[in-house]
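*Asks:* Using the sequences and the hints, build the whole thing.
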Amino acid sequence: MMSNLEVEFSSLKFKNPVVMASGTFGFGKEYCEIYDIEKLGGICSKGLTLNKKNGNDGVRIHETASGMMNSVGLENPGIEGFVKNELNYFKNLDLIKIVNIGGATIEDYVKSIEIISREDIDMIELNISCPNVKEGGMAFGIKDSIAREVIKEARNATKLPLVVKLSPNAEDIVKMAVVCEEEGADGISLVNTFKAMAIDIRKRKSIFKNTYAGLSGPAIKPIALRMVHEVCKNVTIPVMGMGGIVNYEDAIEFIMAGATCIQIGTANFINPRIGLEIIAGIEKFMKEENVKSLDEIRGIV
Amino acid sequence: MMSNLEVEFSSLKFKNPVVMASGTFGFGKEYCEIYDIEKLGGICSKGLTLNKKNGNDGVRIHETASGMMNSVGLENPGIEGFVKNELNYFKNLDLIKIVNIGGATIEDYVKSIEIISREDIDMIELNISCPNVKEGGMAFGIKDSIAREVIKEARNATKLPLVVKLSPNAEDIVKMAVVCEEEGADGISLVNTFKAMAIDIRKRKSIFKNTYAGLSGPAIKPIALRMVHEVCKNVTIPVMGMGGIVNYEDAIEFIMAGATCIQIGTANFINPRIGLEIIAGIEKFMKEENVKSLDEIRGIV
Amino acid sequence: MAKVISNEYLGENMYILKVSGIFKGKMGQFYMLRAWENYPLLSRPISIHDIGEDYISFLYKVVGKGTKILSELKPFDEIKLEGPYGNGFKEVDGKIALVGGGIGIAPLYLAAKTLKNVDVYMGFRKKAVLEDKFKKYSNEVNITVGRNITDILDVNKYDYILTCGPEIMMKKIVAMAKGTNTKVYVSIENKMACGVGACLVCTCKTKQGNKKTCKDGPVFLGEEVLFDE
Amino acid sequence: MAKVISNEYLGENMYILKVSGIFKGKMGQFYMLRAWENYPLLSRPISIHDIGEDYISFLYKVVGKGTKILSELKPFDEIKLEGPYGNGFKEVDGKIALVGGGIGIAPLYLAAKTLKNVDVYMGFRKKAVLEDKFKKYSNEVNITVGRNITDILDVNKYDYILTCGPEIMMKKIVAMAKGTNTKVYVSIENKMACGVGACLVCTCKTKQGNKKTCKDGPVFLGEEVLFDE
Ligand SMILES: Cc1cc2nc3c(=O)[nH]c(=O)nc-3n(C[C@H](O)[C@H](O)[C@H](O)COP(=O)(O)OP(=O)(O)OC[C@H]3O[C@@H](n4cnc5c(N)ncnc54)[C@H](O)[C@@H]3O)c2cc1C
Ligand SMILES: Cc1cc2nc3c(=O)[nH]c(=O)nc-3n(C[C@H](O)[C@H](O)[C@H](O)COP(=O)(O)OP(=O)(O)OC[C@H]3O[C@@H](n4cnc5c(N)ncnc54)[C@H](O)[C@@H]3O)c2cc1C
Ligand SMILES: Cc1cc2nc3c(=O)[nH]c(=O)nc-3n(C[C@H](O)[C@H](O)[C@H](O)COP(=O)(O)O)c2cc1C
Ligand SMILES: Cc1cc2nc3c(=O)[nH]c(=O)nc-3n(C[C@H](O)[C@H](O)[C@H](O)COP(=O)(O)O)c2cc1C
Ligand code: FES
Ligand code: FES
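Chains as they are written, first to last, in the numbering used here: chain A, 1 to 301; chain B, 302 to 602; chain C, 603 to 831; chain D, 832 to 1060.
It is worth saying that the hints were derived from the structure and are not from the lab.
Some hints could be false.
With a Cα cut of at most 25 angstroms, we get these calculated PhoX-like pairs of lysine-lysine [what the hints assert, rightly or not]:
| id | chain 1 | residue 1 | chain 2 | residue 2 |
| --- | --- | --- | --- | --- |
| 1 | C | Lys807 | A | Lys205 |
| 2 | A | Lys53 | C | Lys718 |
| 3 | A | Lys175 | B | Lys476 |
| 4 | B | Lys354 | D | Lys1036 |
| 5 | C | Lys676 | D | Lys958 |
| 6 | B | Lys504 | D | Lys896 |
| 7 | C | Lys628 | A | Lys29 |
| 8 | C | Lys626 | A | Lys52 |
| 9 | B | Lys504 | D | Lys1003 |
| 10 | B | Lys476 | A | Lys143 |
| 11 | A | Lys284 | D | Lys1036 |
| 12 | A | Lys175 | B | Lys354 |
| 13 | A | Lys29 | C | Lys626 |
| 14 | D | Lys1036 | B | Lys330 |
| 15 | C | Lys780 | C | Lys738 |
| 16 | D | Lys1022 | C | Lys676 |
| 17 | A | Lys29 | C | Lys670 |
| 18 | B | Lys453 | B | Lys534 |
| 19 | C | Lys793 | A | Lys29 |
| 20 | B | Lys354 | D | Lys1038 |
| 21 | D | Lys958 | D | Lys896 |
| 22 | C | Lys670 | D | Lys899 |
| 23 | D | Lys834 | C | Lys667 |
| 24 | A | Lys203 | C | Lys626 |
| 25 | C | Lys793 | A | Lys203 |
| 26 | C | Lys628 | A | Lys52 |
| 27 | D | Lys1042 | B | Lys354 |
| 28 | D | Lys958 | C | Lys682 |
| 29 | B | Lys585 | D | Lys896 |
| 30 | C | Lys682 | D | Lys896 |
| 31 | A | Lys29 | C | Lys817 |
| 32 | C | Lys817 | A | Lys84 |
| 33 | D | Lys911 | B | Lys510 |
| 34 | A | Lys52 | C | Lys738 |
| 35 | D | Lys1009 | B | Lys354 |
Beyond 12 angstroms from chain C on every Cβ pair, some chain A residues (computed) [said to hold, decoys possible]:
| id | residue |
| --- | --- |
| 36 | Ile34 |
| 37 | Lys39 |
| 38 | Lys52 |
| 39 | Gly73 |
| 40 | Leu93 |
Glycine included, every Cβ here is placed at the ideal spot set by N, Cα and C.
*Replies:* Given below as structure tokens:
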């Protein structure tokens, strides 16, 4: 029975808890050529900003021990570009459709959210890891006082379910989550990538033009899982957990730590069909362990 | 010429920048049976507390993707036990001898430091990742205001060179480093292990009795390197960089990020002779790249 | 999961890996190869070197961890292939030169086989490989060893040049063809993650804006590409 | 770096790996094995199964990543061995039983060879292995399949029992020997990192306080060990 994989996240019903993470799955189209992506619980779009962005110059990817660093720099067609060229396909997918929104100022965030809220999508994921231009580049995702402002405004700007995506670079991840709950977010997703560095010792230069880049993949899983666990113990709104999930065992760990949905990012690059395999694995685990609904094991640890 | 590997760290001269990290090398005795450890630049003792500690119950180690988690819980013979049974061997080693001190209260730290300062060792490494009992278990290593107190007292308690070892779980690692400098520390070492989690999904329990444990090894290297880089750009006192170094290339990355010495922890478990291999590798690199002294490349990125 | 038929060493750190199975793909397209579990993390993009009814083959050079593991494969070992990805070379018509530098010759063999009657130019550092193999499908095979292949190439002789190799070589050829009627197609090598156009890490800058090397490429019209510096 | 001589499959996921070279070591000691670069991170502790002038051998069971890689080793492949580590079994004298459960029989073969005139007890889940090999160096070999080996062991018949296997089995034997004159030595399996006594992750709790399984053990006097729960 597929049905026992269903989960409720705020007002939304997911077929299963498996959601594809922002920035690793485009707008779904590419993977659609490889398998039936409507079997998934949901997908998060590539991060969109108010205006089109060309992203970062120089190397954009570097492999590390069980991880990868990326410095895509939010290349995206902009909200309008998305609505014009991508939305038609995206909105007709039979799964939960989440649009990930980035921005450098509160005004940008609010405008983006207003535009996208008119469209036929299911949820907004607010990525607060982007730099806050006003505060001199300090990311919204670091200090909870700064995050509070943007969450408040975002909340006011939409009636759609709103999930705030936390950065693991936050000074206090639990405090940050509590702020999200206080400001009326419908859920939280975490973690985004870790600020990291790699140096080309022969060239005596950072691998990345921006000096630092974001680390993802199995390497970060133990830290991400801890953060998800801490957050889940301290808020009542539902959580989407992610960070280094590559198999169903990892997914179950996040669910036992308290996550309602799990997101898969980097693992898509290891195996484009990983989403299906993880869904099948969760189902198998539930049968073996006689778990009728994920509610039975969610947050059990 | 071995001589060009020499580095000055505060008032101390290291034969070479390679130091064995606390908790991964005991007090040196065990590895001495395997190779001539006096070829190393220095060693940090296992973390010592005022009183003997038996450490944590349950599983103490868990392997992760390119990393390991440990929950040793500072098992150690106590300062007095160390002085009585280990010091005689330790102090006669011909390399820089660093004693790592942990504690749960400022009083414990200060007493430990006073006792060890009477002995013939070269430097103290103050591990501030331990829980602060007074503040309800919040680690000294998280908030800079709390760290400041313990560093101030520790500084007053000894004339020995004092290095403060930072936790990567600090809310603001740069601020923390600046506080160390302001309070008169002679140097900084970073990073300690990352707070992390693993779950046994069949038992539906955390692998570790203490729920969380410390992540080390290659998995964390990109984040550790970023933190070392950020810190080195913001203080003038010397830095010992560590976190996932497993080969000379990694070591050079940390030096180019600004570290004066580098520490090797988990890599000792991959290859007990790793210290020598990294020293040889650094020497080879310097020859190939025509680097006469590490001063030429330190902090070049 | 597919099975290795053979993995032949050619010298100069180059190997030809032959894999058994029915595969799709045309000249200039590539597969993501993976002959390991989770380490290294990413799969490796390798061009189709040759393809037949019941096999596909890859010509690769050992440069790091992934290609090292490939080089240790033995007959009957398993390997995962995802693809074919990318646009591949256009089926052009006219006087055609294929120009490869080093391991850049990899995709040109299937191009020669497909297009026929081509002139082949191959530049090597130390030792030439596969000369005879290429002869079978081409009018002439010109080789330089230790010298730039561009030294012996007269772009004006051709309507089309399809090239793959070091960026500096391809850039040079594009420059040489500037102002002539010769159209140059270059096959770009960039690090990849997804291989399918979803992650945007493989950007190739062009006059038309950012393109995805994996999806819009790896073959681009040379004059469109904004090479580094 | 040492070279593999052979890697023989015994059934029940068990293999004997023979490695060429001049090695030290006595019964009950172990080596840290590594036949991979950096993944998985840690080396794996495996007891000496047998040792001769120009070889050493290990009996192991495939349970996860590391032992899986070991099982894929072929003759002439390279492997790194660090050791011998640990204290090993004491050279006791008198009536001796060696009791192994499952893969716990691994270190007992060298013990039989060293001590001679021992009685061997081996318990297996589904299928017995190495019965004949053990017979060569023992008075009798007693085997259970699918049943607890402790069911057929009379501890009172022996001055010494050396045992290795599931903790529950060793605990039972220690309990059976309580109040008798029989001394039981148990070989403890704990996860290890350094293997040399430096990192304190392999703690075995004993009446004398924390001991390091790798350095003070893996062999302990049974009555000293504080088993879990
Ligand atoms: C579309 C495409 C087709 C290719 N076709 C072939 C082919 O037919 N034969 C062949 O031998 N190689 C080909 N390559 C290059 C090949 O993908 C890389 O050599 C390989 O990924 C290196 O992996 P590694 O693990 O051995 O090296 P690593 O250990 O990852 O790195 C070793 C060195 O190679 C560089 N490198 C790593 N990945 C790439 C990459 N994707 N592109 C360029 N440089 C890289 C690194 O920067 C480093 O300097 C192709 C690349 C692309 C993008
Ligand atoms: C002193 C000593 C001697 C040993 N001698 C032998 C021997 O002769 N033959 C043999 O087959 N095995 C022996 N073992 C056990 C062997 O070390 C483990 O089976 C092996 O490390 C598992 O590695 P893996 O990568 O295959 O499994 P993993 O993928 O790491 O884990 C698979 C399962 O094995 C468990 N496990 C992992 N490491 C250990 C460990 N060190 N001890 C116990 N359980 C573990 C894990 O918890 C997990 O349940 C010995 C262990 C010790 C401590
Ligand atoms: C190439 C790449 C691009 C990403 N782009 C975005 C993005 O646009 N918005 C966002 O919120 N997260 C982005 N992320 C972060 C992922 O959604 C995810 O949070 C992170 O990678 C951790 O999960 P993983 O370890 O499963 O990949 C990106 C990650 C990668 C690897
Ligand atoms: C088993 C183990 C025990 C450790 N014990 C201590 C300790 O007592 N005091 C301390 O300051 N750091 C301790 N550490 C942290 C290391 O010194 C080092 O900071 C950390 O492991 C990161 O470096 P690495 O990735 O090279 O191991 C320990 C680490 C490990 C793996
Ligand atoms: S590799 Fe992902 S877009 Fe090209
Ligand atoms: S494994 Fe390190 S002390 Fe035993």
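*Asks:* Give a verdict on every hint.
*Replies:* Comparing the hints with the structure gives:
With a C-alpha separation of about 22 angstroms, the suggested pair C:Lys807 and A:Lys205 falls inside the 25 angstroms cut-off, and the hint holds. Among the hinted pairs, A:Lys53 with C:Lys718 is inconsistent with the structure: their alpha-carbon atoms are about 43 angstroms apart, more than 25 angstroms. Proximity of A:Lys175 to B:Lys476 is assessed by CA-CA distance (about 19 angstroms); at most 25 angstroms being required, the pair is judged to hold. A C-alpha spacing of about 14 angstroms is found between B:Lys354 and D:Lys1036, which places the hinted pair at or below 25 angstroms, so the restraint holds.
Restraint check for C:Lys676 and D:Lys958: the C-alpha separation of about 33 angstroms exceeds 25 angstroms, so the hint is violated. A hinted pair counts as satisfied when its Cα atoms are at most 25 angstroms apart, and B:Lys504 with D:Lys896 qualifies at roughly 20 angstroms. Between C:Lys628 and A:Lys29 the CA atoms are separated by roughly 22 angstroms; this keeps the pair inside 25 angstroms, and the hint holds. For the hint linking C:Lys626 to A:Lys52, the alpha-carbon distance of about 36 angstroms lies beyond 25 angstroms, and the restraint is violated.
Of the pairs offered as hints, the one joining B:Lys504 and D:Lys1003 holds, with about 24 angstroms between alpha carbons and a cut-off of 25 angstroms not exceeded. Using a Cα cut-off of 25 angstroms, the hinted pair B:Lys476 and A:Lys143 holds, with the two alpha carbons roughly 14 angstroms apart. The suggested pairing of A:Lys284 with D:Lys1036 is violated, with an alpha-carbon distance near 38 angstroms, which exceeds 25 angstroms. Between A:Lys175 and B:Lys354 the alpha-carbon distance is near 33 angstroms, which puts this suggested pair outside the 25 angstroms criterion.
Using a Cα cut-off of 25 angstroms, the hinted pair A:Lys29 and C:Lys626 holds, with the two alpha carbons roughly 21 angstroms apart. Distance check on the hinted pair: D:Lys1036 and B:Lys330 sit about 22 angstroms apart at the alpha-carbon level, within 25 angstroms; holds. Among the hinted pairs, C:Lys780 with C:Lys738 is inconsistent with the structure: their alpha-carbon atoms are about 31 angstroms apart, more than 25 angstroms. As the CA atoms of D:Lys1022 and C:Lys676 are separated by approximately 34 angstroms, the hinted pair breaks the 25 angstroms bound.
For a cut-off of 25 angstroms, the pair hint linking A:Lys29 to C:Lys670 is broken: about 33 angstroms separates their Cα positions. Distance hint between B:Lys453 and B:Lys534 is fulfilled; the C-alpha atoms sit about 23 angstroms from each other, no more than 25 angstroms. The hinted pair formed by C:Lys793 and A:Lys29 meets the criterion: a straight-line CA distance of about 21 angstroms does not exceed 25 angstroms. A hinted pair counts as satisfied when its Cα atoms are at most 25 angstroms apart, and B:Lys354 with D:Lys1038 qualifies at roughly 16 angstroms.
Restraint check: the Cα-Cα separation between D:Lys958 and D:Lys896 comes to about 24 angstroms, which is no more than 25 angstroms; the hinted pair holds. With a C-alpha separation of about 20 angstroms, the suggested pairing of C:Lys670 with D:Lys899 holds against the 25 angstroms cut-off. Under the criterion of a C-alpha separation no larger than 25 angstroms, the hint pairing D:Lys834 with C:Lys667 is consistent with the structure, at around 22 angstroms. With a C-alpha separation of about 40 angstroms, the suggested pair A:Lys203 and C:Lys626 falls outside the 25 angstroms cut-off, and the hint is violated.
Simply put, C:Lys793 and A:Lys203 have alpha-carbon atoms about 18 angstroms apart, close enough for the 25 angstroms limit, and the pair holds. Distance restraint check for C:Lys628 and A:Lys52: the Cα-Cα separation of roughly 34 angstroms exceeds the 25 angstroms cut-off, and the hinted pair is therefore not satisfied. For the suggested pair D:Lys1042 and B:Lys354, the alpha carbons sit about 13 angstroms apart, so the restraint of at most 25 angstroms is met. For the suggested pair D:Lys958 and C:Lys682, the alpha carbons sit about 35 angstroms apart, so the restraint of at most 25 angstroms is broken.
Under the criterion of a C-alpha separation no larger than 25 angstroms, the hint pairing B:Lys585 with D:Lys896 is inconsistent with the structure, at around 34 angstroms. Taking the CA atoms of C:Lys682 and D:Lys896, the gap is about 19 angstroms. The hint holds against a cut of 25 angstroms. Distance check on the hinted pair: A:Lys29 and C:Lys817 sit about 12 angstroms apart at the alpha-carbon level, within 25 angstroms; holds. In summary, the hint linking C:Lys817 to A:Lys84 is supported, as the alpha carbons are separated by about 21 angstroms, within the 25 angstroms threshold.
Proximity of D:Lys911 to B:Lys510 is assessed by CA-CA distance (about 33 angstroms); at most 25 angstroms being required, the pair is judged violated. Distance check on the hinted pair: A:Lys52 and C:Lys738 sit about 50 angstroms apart at the alpha-carbon level, beyond 25 angstroms; violated. Among the hinted pairs, D:Lys1009 with B:Lys354 is inconsistent with the structure: their alpha-carbon atoms are about 31 angstroms apart, more than 25 angstroms. In this structure A:Ile34 is not separated from chain C by more than 12 angstroms, as the shortest Cβ-Cβ distance comes to only about 7 angstroms.
Consistency note on A:Lys39: stated as away from chain C, and its beta-carbon is indeed over 12 angstroms from all of that chain's, at 17 angstroms minimum. A beta-carbon of chain C comes within 12 angstroms of the beta-carbon of A:Lys52; the shortest separation is about 10 angstroms. Chain C draws A:Gly73 into its interface by the beta-carbon criterion, the shortest separation being 9 angstroms against a cut-off of 12 angstroms. For A:Leu93, the condition that its CB be more than 12 angstroms from all CB atoms of chain C holds, with the nearest at approximately 15 angstroms.
The structure shown violates the earlier hints numbered 2, 5, 8, 11, 12, 15, 16, 17, 24, 26, 28, 29, 33, 34, 35, 36, 38, 39.
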